[in-house]
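In the order they appear, the protein sequences are chains A and B. Residue 278 in our numbering sits at position 278 of the first sequence; the count goes up by one each step and never skips. Residue 366 in our numbering sits at position 74 of the second sequence; the count goes up by one each step and never skips.
These are calculated hints, taken from the structure and not from any lab test. Treat the hints loosely; a few may be bogus.
Below 25 Å or equal to it, Euclidean Cα-Cα: the simulated BS3-like pairs (lysine-lysine) are [what the hints assert, rightly or not]:
(1) Lys-85/A <-> Lys-141/A
(2) Lys-157/A <-> Lys-85/A
(3) Lys-68/A <-> Lys-346/B
(4) Lys-157/A <-> Lys-14/A
(5) Lys-73/A <-> Lys-384/B
(6) Lys-68/A <-> Lys-157/A
Everything numeric in this text was worked out from a predicted model, so none of it was measured.
Okay, here's what each chain looks like letter by letter:
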Amino acid sequence: MNTITLSIAGFKIKLLSEAGVKIGVEEGYLPFVISGHHEDADISIKTIEKKHLTGDYLSEKDLIFEAKDSHLKYYSIFREDQGYKFFIYNQEGPNTIQQLAYLDEGLTTWTVYAGPSGPGKEIFPLLYPLGPLVLYYLTVKFEAIMIHASGILDGKKGRLFTGFSGTGKSTMANLWLKSGSSVINDDRLIIRAAKTGFVIHNTPMFYADSPKVAPLHTINLIKHAQKNEVTRLNGANAVSGLMAYCIQHSYDQGYIEHHLDFLAGLCSQLPVYEVGFTPHLEIVGFIKTYAV
Amino acid sequence: MTIKELFTRKNQFATRNVGPELVLVPLRNNVADMNELYTMNESGSFIWELIDGKNTEEEIVAALMEQFDVDERTAREDLDEFIGSVSEMIAKS
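Construct the complete structure from the given sequences, taking the supplied hints into account.
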């Protein structure tokens, strides 16, 4: 049995394959590989080589969720008797299945069927978009949430900036970097509860970046504005405002309520602000003064 | 939409009380409009809980009058406004 173990956001993910099946991870995952034997993995992903994957499409009634846009189809999720079945589509060809995956009802054990795609004929079980899907189900199984956000560590204070695509998450992270802060990530974070509060973790990107974690102290919902301004959000407005930017599959009531519980706890302990900003360095000092 | 019809559609939402308010997330089978969420204030949250398939409109109005110390006309207006808002919410979901 071949194994590779990853540690992402504090979760241990064990990749397995039978002898003769070479598995690998893409560049963005390499910094998250950890050495040694890990019997305490949180989830396992067993890879089975299968070169030709066809659309063994179940009847429509078993389809519970699809991720697609006007250009591409990313994945389809079907309910199985003992868990879920996934068709993961190749981003280079319409409706071409790149991986077939199964997840058990306990959200602990994945089985992935795929063909070799690496330069050394290795199989990449976490090939996009399955990698982020695996992370999503970790946040459903455990007390965590994944969010479109940038995160920075400003001395001792960790700050999260979230908003729709184009609202300036990366711009904001860059401004804080210029002011001397360190950037945890400028696109996607996992938030987890920790003994001393909440923490933010980066997750594997398409480029290699080392694993990072920082304590979280403030949450900022950002938007472009004519001038810098901040409003404190409370109660249901804070929870719903933040939930809008979290990565969700809205087919399961229990999964959504699990994340709502997490966010309600988070928002009860940390301040949530709505921040309108102009993309200049002055916003850093403004936030330090008013969004503490 | 009637109270009875509203009750049958409640399971289209995941909900969470946040203090006296309520957050509602529509269940969906695709990624479209996943950012669409709703919140209800204290009286809306109160009415939502009372729509249980058993309470009649009259009973809900009476409960509103007692809980929020309002007269019957105000309670009926609040309930009508609630039904209108939630009907719109359900239509969009």
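### Hints the structure fails to honour
2, 3, 4, 6
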